[in-house]
Amino acid sequence: MSAAELGVVRAVEEVQEGLYNLELVTAPRVAQGSAPGRYAMVSIGEDTDPFLPRPLWVRRTGDSLVGLLVQVAGRGTEWLARRRPRDRVRFYGPLGKPLQLPPRTQRLLLAGDTCGLNCLLALADHALDGGAEVALVLPAQDTRLSTRLLPPDVEVLPGLDSDALQWADALYCVGSPGVVLGAMGTLRDSRSRIPAYGLPHAPIACGVGACYGCVVETRKGARLSCVDGPAFDLRELVWT
Amino acid sequence: MDVDLSVELGVGTPRPLLLRNPVLSAAGTFGYGVEYARLLPLDRIGAVVTKSTTLRPRAGAPMPRWVETPSGMLNAIGINNPGIDRVRRTYAPKWKGLGAPVILSVAGETVEEYIEVALRVEEAENVSALELNISCPNVHEGGMWFGTDPHQAAGVTSAVRAVTSLPLIVKLTPNVADISGVARAVEDAGADAVSLVNTLTGMVIDTASRRPVLGNRTGGLSGPAIRPVAVRMVWEVAQSVDVPVIGLGGITRADDALQFIMAGASAVQVGSSGFGRPSTIVEVADGLGAWCAEKGVSSLADVRGCVLPSGSRCS
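Taken in sequence, the protein lines are chains A and U.
Reminder that position 238 of the first sequence reads as 238 in the working numbering, one-by-one numbering, no gaps.
Reminder that position 136 of the second sequence reads as 136 in the working numbering, one-by-one numbering, no gaps.
Warning: the hint list may mix true and false statements.
Stated by the list, open to error - Distance windows between CB atoms, simulated:
id	chain 1	residue 1	chain 2	residue 2	range
1	A	Gly18	U	Arg15	40 to 46 Å
2	A	Glu155	U	Arg89	46 to 52 Å
3	A	Asp49	U	Ala177	26 to 32 Å
No lab work stands behind these hints: they were computed from the structure.
Here a beta-carbon is modelled for each residue, glycine too, at the ideal position from N, C-alpha and C.
In isolation and in its complexed conformation, chain A is listed as follows:
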């Protein structure tokens, strides 16, 4: 990993209102390192305002290609959404521990929202490559996402319920804290015993474990999302 990577925008597509898919041509090491669960710290503009980079999930889409999914939420993400082909985007990464699917996963259940979608898509790619079936639970407003974004073999479900949990042999929930909290409740109520992991969106400033700004509370104590995560056992997350 290098402290300063450059990506050249190959394509930008608005996949639903306010949600943009940026395809970047990068050094091969970036694409190769872009395993599910990994993210990049993406710089906004060339000036000091906005000041901090935005942590974005990276999804490998080719030998030297990665996809970033940008939900416009403020000036930084708006700047990213306005990038055009051949523009340069500066970042560092990929960072974070790559996800390892539980051995012999045959039916992978994914849940989340647009905030975690790119990670879920990377996980879906990985699971489908390994021959597993994949179902994806998204909030109702997101279930009509461009089929160009979703692998064709992924079944999209409108809600996380005990039927879906009964079907699955592993669960990953990636997204805003509310979505992960909801999944924790559904999992608890269902009494399902499948391996289940939560990747709650945490405010990451440094990405390397230096600033202690992205604490996630677990039953085993406080953890840093940026280096100890991003995945935590869904049954061990503690909401404070």
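Following the hints, complete the assembly by docking chain U onto the known chain A.
Frame of chain A; chain U shown alone:
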């Protein structure tokens, strides 16, 4: 031409520290150095100043711990750290091969805690200097309280001075009316250098929820937004003390560092600007050398304090 960027801290003390250049990391923004070892050529910076470390582990402040602000950020981490014993076990052995000397930042809630942690650092391996954090705005006991009163600041400084043979840097808070008075007090109490400024206390309110954004309610402001305040304070302190002044506050490039040096700083620290661009610290160090070469300046001493009034102590 040959450019000499080296700086010596703790001249005349038992363990003076010669830095290859005057560009250091700022405490709290660079972890324990090892986090950046794979990412950056640390043999091109002056020194690593670690995260502030206390006697016992500290859980820190409630989330959210930071929020972006115009050209800066407001943070309240609350000195979340694993405690000095674990730092010695986990990080100190790795500092030998880090490429840059390590200055351990220490903090406490009482003078006794500062003394105890300094004693344990004295026995630690691979620590080249101490920076006393008496200026953290985000802890409820100790912290900034020590740094806002010259007598308290002098008290903790002399207590640590008595138990450490390492060069002793005292980090000052800008949240005072007279920072020069505090600087003089810690110099008289035995500080080998002062670093300034720590963060400016601030608040951001989420008008939708009608609450402060940070879990701690208030936090410390850093980044380019505070740079002019920091440069002014370095300029004031440099006129008031003889010990080296280390300037920090919103340095993003070599030109920013030069402002601090021209205001009288002997060295600088790079902090939160490294979050957006980790290579900032290396670029500032390289850039100072390039500037000297381009301007025909053989040493930064030639321009240090050049804006100070003539006859002032640092000019």
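A quick look at each hint next to the structure:
no., hint, in the structure
1, A:Gly18 - U:Arg15: 40 to 46 Å, "violated, 58 Å"
2, A:Glu155 - U:Arg89: 46 to 52 Å, "holds, 49 Å"
3, A:Asp49 - U:Ala177: 26 to 32 Å, "holds, 29 Å"
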